[in-house]
Amino acid sequence: MELVLNDVSKSFGEKKAVDNILLKIGLGIHGLLGANGAGKTTLMRMICGLLKPTNGEIRFNGKDVNKLGEEYLNALGYLPQDFGYYPEFTAMEYIDYIGAVKGLSKTYTLEQANELFEVFQLFEVKNKKIKTYSGGMKQRLGIIQSMLNNPRILILDEPTSGLDPKQRLIFKNYLSQISKERIVILSTHITSDLQNIANNIIMMKSGKIICTGDEEKLLKQLEGRVWEFVIHERELLKYMEKSMIISYSRKFDKIRLRVISDIPPAKDAIPLEPSLEDLYLYYNPEEIQGEEE
Amino acid sequence: MNRIIKFELKKILRSKLTTGVLILSFLLIIYSFLPKMIKYTFYDGNGNQIEKHKGVVLEKKVKNEIFNKLQTNEEIQLNIQRLSENYVAEKNKTGFQFSEALPKDIYYGFYMPREGYFYWIAENYANTFDYGNPHDLAVKSNELEDFYIERQGKIQNRLNTMKYSRAEREYWDKKANITKGPYKYGYFRGWHHINESLDIFMLVIVAIGIAISGVYSKEHETGADAVLLSSKYGKTKLVAGKIIASLIFSVTTVLLGILLCIIPILIFFGTEGWDLPIQVFSTDILYNWNLLEMVGIRIFMTILSAIVITTIALILSSTIKKTTSVVVIVMILYIGGLFVPSGKTNKLYQMIVKLLPVFLNGHQYYGYVAYPVFGKVLTFYEMATFVYILLALILLPLSGRIFKKHQVQ
Numbered sequence: 001m002e003l004v005l006n007d008v009s010k011s012f013g014e015k016k017a018v019d020n021i022l023l024k025i026g027l028g029i030h031g032l033l034g035a036n037g038a039g040k041t042t043l044m045r046m047i048c049g050l051l052k053p054t055n056g057e058i059r060f061n062g063k064d065v066n067k068l069g070e071e072y073l074n075a076l077g078y079l080p081q082d083f084g085y086y087p088e089f090t091a092m093e094y095i096d097y098i099g100a101v102k103g104l105s106k107t108y109t110l111e112q113a114n115e116l117f118e119v120f121q122l123f124e125v126k127n128k129k130i131k132t133y134s135g136g137m138k139q140r141l142g143i144i145q146s147m148l149n150n151p152r153i154l155i156l157d158e159p160t161s162g163l164d165p166k167q168r169l170i171f172k173n174y175l176s177q178i179s180k181e182r183i184v185i186l187s188t189h190i191t192s193d194l195q196n197i198a199n200n201i202i203m204m205k206s207g208k209i210i211c212t213g214d215e216e217k218l219l220k221q222l223e224g225r226v227w228e229f230v231i232h233e234r235e236l237l238k239y240m241e242k243s244m245i246i247s248y249s250r251k252f253d254k255i256r257l258r259v260i261s262d263i264p265p266a267k268d269a270i271p272l273e274p275s276l277e278d279l280y281l282y283y284n285p286e287e288i289q290g291e292e293e
Numbered sequence: 294m295n296r297i298i299k300f301e302l303k304k305i306l307r308s309k310l311t312t313g314v315l316i317l318s319f320l321l322i323i324y325s326f327l328p329k330m331i332k333y334t335f336y337d338g339n340g341n342q343i344e345k346h347k348g349v350v351l352e353k354k355v356k357n358e359i360f361n362k363l364q365t366n367e368e369i370q371l372n373i374q375r376l377s378e379n380y381v382a383e384k385n386k387t388g389f390q391f392s393e394a395l396p397k398d399i400y401y402g403f404y405m406p407r408e409g410y411f412y413w414i415a416e417n418y419a420n421t422f423d424y425g426n427p428h429d430l431a432v433k434s435n436e437l438e439d440f441y442i443e444r445q446g447k448i449q450n451r452l453n454t455m456k457y458s459r460a461e462r463e464y465w466d467k468k469a470n471i472t473k474g475p476y477k478y479g480y481f482r483g484w485h486h487i488n489e490s491l492d493i494f495m496l497v498i499v500a501i502g503i504a505i506s507g508v509y510s511k512e513h514e515t516g517a518d519a520v521l522l523s524s525k526y527g528k529t530k531l532v533a534g535k536i537i538a539s540l541i542f543s544v545t546t547v548l549l550g551i552l553l554c555i556i557p558i559l560i561f562f563g564t565e566g567w568d569l570p571i572q573v574f575s576t577d578i579l580y581n582w583n584l585l586e587m588v589g590i591r592i593f594m595t596i597l598s599a600i601v602i603t604t605i606a607l608i609l610s611s612t613i614k615k616t617t618s619v620v621v622i623v624m625i626l627y628i629g630g631l632f633v634p635s636g637k638t639n640k641l642y643q644m645i646v647k648l649l650p651v652f653l654n655g656h657q658y659y660g661y662v663a664y665p666v667f668g669k670v671l672t673f674y675e676m677a678t679f680v681y682i683l684l685a686l687i688l689l690p691l692s693g694r695i696f697k698k699h700q701v702q
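Those protein sequences? They're chains A and B, same order as listed. Each residue of the first sequence is one higher than the one before, counting from 1 in the numbering used here. Each residue of the second sequence is one higher than the one before, counting from 294 in the numbering used here.
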């Protein structure tokens, strides 16, 4: 099973949201990592047939997805970033409705829904109106609807937003379990969502893929370049000019820095194992934020 | 498919806006006839007020007795003569003080059961577009022309003011001849009230338009379109389901409203009079229907109006992404028709204006507008049905096409 994107581009007026993407996506979890505005959502919408590419084509198992029509959509499960629901419907009614639109029988829908309601801990409240749900519960309902048809291609746009740490873990574990026999494309800007579960990471910036590969391969480029050390707060400016600061935390007048540098940035700098977060911030330095300890 | 339709109907019905406008319009339907039942009275020959159902029973009995003959000119002139013989014109100062102008026994025993009948006759003798008054009948009884000759003459005068083609003129002349009388007259209060209550359905139609406005646009507003359009049947059966559900909703709403009005009216006032000619409303009418047919045609036109407003709302809803904007435009397009000048002199303009959705379920049978198409002359009803069914057949699938082609951004 393979999804191929051949020189796919999408422009909105003068702005190129997705720029000549060439990608082969096979079974497993593919993490689409990028800051807001990187083009992740536009790319996903094109894969789901919700946006027409300005250029290029998307093929599923060698066939143009536009020509496959219902056959392709039948294989698809999609969780949009802002998932729309009907407040006056109960969760079960909503899922039943989505099941009908997905062409699933009522019996199958109910069986599958009950299983997913159990997994995502909504079983007890499945007959409550969605308007009574919290943000996290709505997000879990969105995840359930995307998985309802047991899709061969699962597209999840920022699926963990609004989920508490426990729910994130449940989601990651479940996704990891079901990903072996399907294509999962998961977009996020939270690197921990992908850590240890993504088979492939696609880093996007300004509509382009800037690097792609498995976690190990990608992190190799930062091997021996991530350092940590403590400085006095008055030295911060000096290091900001000298090195690429990935993160910093302040404790009284001391600052603990995590930097990327080809050479040791300070005498007492300790080399660290690079993480996905380091890689993400390396490519998206505008996202760097410090914190108080 | 049935599941999709069921859920689409649920979506329409569960909207607070829909519930609100439907309840309001149904209350207005009830209000259109309920006071007529509660306040209904009929006077017996001695001037005693007989209320509610007993009054209805008495009215039917009295009218069956007095209108048991075909209303030939002779019969009509006899009744006018009897009114005139007992009438003191000077005592009727306002034109409506018949109780002053007639002796009590004549007023209650003769005039009151025939009051509507005398107004009907007076209208026939009045100038075109005037209502007439029994007072004029009583004072000019000796000068009155044959009732049916007067009717035909009046219609010819009206037809002469219109710029008809030969085919159209022949068409209307033929209609005038078919309906030239003599007519049956009698008790038809139930059908009269149903006819009045059907006017209120204009508001039901507006309510339907408001309820349907969000069918597509709400999906865009809430972001549900992304999930739906990426689902297997999101671009096929869902679209068909939305259209079918909207049509089911609108037609069912109209039918429910009609049952809500017709059943109580017919139970209270009875079904008598269904076979009377529509000319008992006005002799100006050229359609050869009885009252049952007239109500049937008005119900059909109300259903057609519901289909028209559904079509308008759906096409706008698929094009405009904001439901509020759709609601406003639907209301302007529908109610705005009431403010379009009728343009009495321009025939083509009149022909177009008459076809505006707001006029579809109105009293168009009073009008003399027909539509010459390919050598045939179509009535307003035939033309409106043809135009709007054609429009629905084009625009409804188009609304679905626009929705499924929508680029989710």
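Keep in mind that the hints are not guaranteed to be accurate.
To give a feel for the contact side, a few chain B residues facing chain A, derived at Cβ under 10 Å [unchecked claim]: (1) K304; (2) R451; (3) Y457; (4) S458; (5) R459; (6) E463; (7) E512; (8) H513; (9) T515; (10) A519; (11) Y526; (12) K528; (13) T529; (14) G534; (15) H699; (16) V701.
Hints in this document: simulated from the structure, not taken from any laboratory. Just so you know, even glycine gets a beta-carbon here, dropped at the ideal spot from N, CA and C.
Against the structure, the hints come out as follows:
1. K304: With Cβ-Cβ at 6 Å, under 10 Å, it holds.
2. R451: violated, 54 Å
3. Y457: At 54 Å from the nearest chain A Cβ, Y457 (chain B) fails the 10 Å test, so the hint is violated.
4. S458: violated, 51 Å
5. R459: violated, 56 Å
6. E463: This interface hint is violated because 56 Å lies over the 10 Å limit.
7. E512: Holds - the Cβ of E512 (chain B) comes within 10 Å of chain A, reaching about 7 Å at its closest.
8. H513: holds, 9 Å
9. T515: holds, 4 Å
10. A519: holds, 4 Å
11. Y526: This hint holds: Y526 (chain B) lies near chain A, its Cβ roughly 5 Å from the closest one there, short of 10 Å.
12. K528: Holds - the Cβ of K528 (chain B) comes within 10 Å of chain A, reaching about 8 Å at its closest.
13. T529: holds, 7 Å
14. G534: holds, 8 Å
15. H699: holds, 8 Å
16. V701: holds, 4 Å
Going through the hint list in order, the structure does not satisfy hints 2, 3, 4, 5, 6.
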